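J.: In our numbering, the protein residues as written are 1 to 176.
Hints may be right or wrong, so weigh each one.
Listed next, with one range per pair, are the computed distances between beta-carbon atoms [claimed, not checked]: (1) ILE52 <-> GLY19: 48 to 58 Å; (2) LEU8 <-> GLY127: 49 to 59 Å; (3) LEU171 <-> GLY110: 28 to 38 Å; (4) ASP153 <-> PRO129: 35 to 45 Å; (5) THR39 <-> ILE89: 14 to 24 Å; (6) ILE89 <-> PRO134: 29 to 39 Å; (7) THR53 <-> LEU130: 35 to 45 Å; (8) LEU171 <-> GLU5: 36 to 46 Å; (9) ALA138 <-> GLY100: 27 to 37 Å; (10) LEU131 <-> ALA99: 16 to 26 Å; (11) PRO134 <-> GLY100: 29 to 39 Å; (12) LEU131 <-> ILE52: 21 to 31 Å.
Derived by calculation from the structure, the hints in this document are not laboratory data. Predicted, not measured: the structure shown is a model, and the values here were computed from it. Beta carbons: idealized from backbone N, C-alpha and C, even for Gly.
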Amino acid sequence: MNFLELLLVFLKAALLSSGGLQALPILEDELIIQRSVLTDGDFATAVAIGRITPGPNGLFVISIGYYAGGLPGALAGVLGIMIPPFLGIALVRAHRRLAGRPWVEGVTRGMMASAVGLLSALGYSFGAPLLSEPASIAILVASLAALLIVRADVLLVLAGGAIAAVGLYFLGVPLA
Numbered sequence: 001m002n003f004l005e006l007l008l009v010f011l012k013a014a015l016l017s018s019g020g021l022q023a024l025p026i027l028e029d030e031l032i033i034q035r036s037v038l039t040d041g042d043f044a045t046a047v048a049i050g051r052i053t054p055g056p057n058g059l060f061v062i063s064i065g066y067y068a069g070g071l072p073g074a075l076a077g078v079l080g081i082m083i084p085p086f087l088g089i090a091l092v093r094a095h096r097r098l099a100g101r102p103w104v105e106g107v108t109r110g111m112m113a114s115a116v117g118l119l120s121a122l123g124y125s126f127g128a129p130l131l132s133e134p135a136s137i138a139i140l141v142a143s144l145a146a147l148l149i150v151r152a153d154v155l156l157v158l159a160g161g162a163i164a165a166v167g168l169y170f171l172g173v174p175l176a
């Protein structure tokens, strides 16, 4: 894909999501399903690289853009995700003026519910292939427990999953 096409894809993802990981289902649909630019594996790898990179939550757009279009793709990812927040400043000002009105609260709750739905669909899309191997299920459950019960740091959970996967690989245990 060329720079402009990728920029439009990232703009669409930014405009139709409420930020962060909620852009992922849109990017997955555009880049894997509709345009076949990336494989599921490339997409998951790009997201993982972006998530473990120190910095803001949305850095995954750089690695996804790079996988889809090299350095111009990475730049398209950054610009596509960064332009809409500047437009959002007007929405923030309007929300401050209208806050407390029932219809505004309804819109806000509806958007939150949609965001949870998008993230759930993405979680299923990423997780479904893992449900065929007990070792993958064990890492998934351990990661959930570490995050939800122990409240472990995300980077520690990712590192623990990677270490467990490498150990299981050397023991000959299939993960997927």
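J.: Run through the hints listed earlier and report the numbers of any the structure violates, in increasing order.
T.: 1, 2, 3, 4, 5, 6, 7, 9, 10, 11
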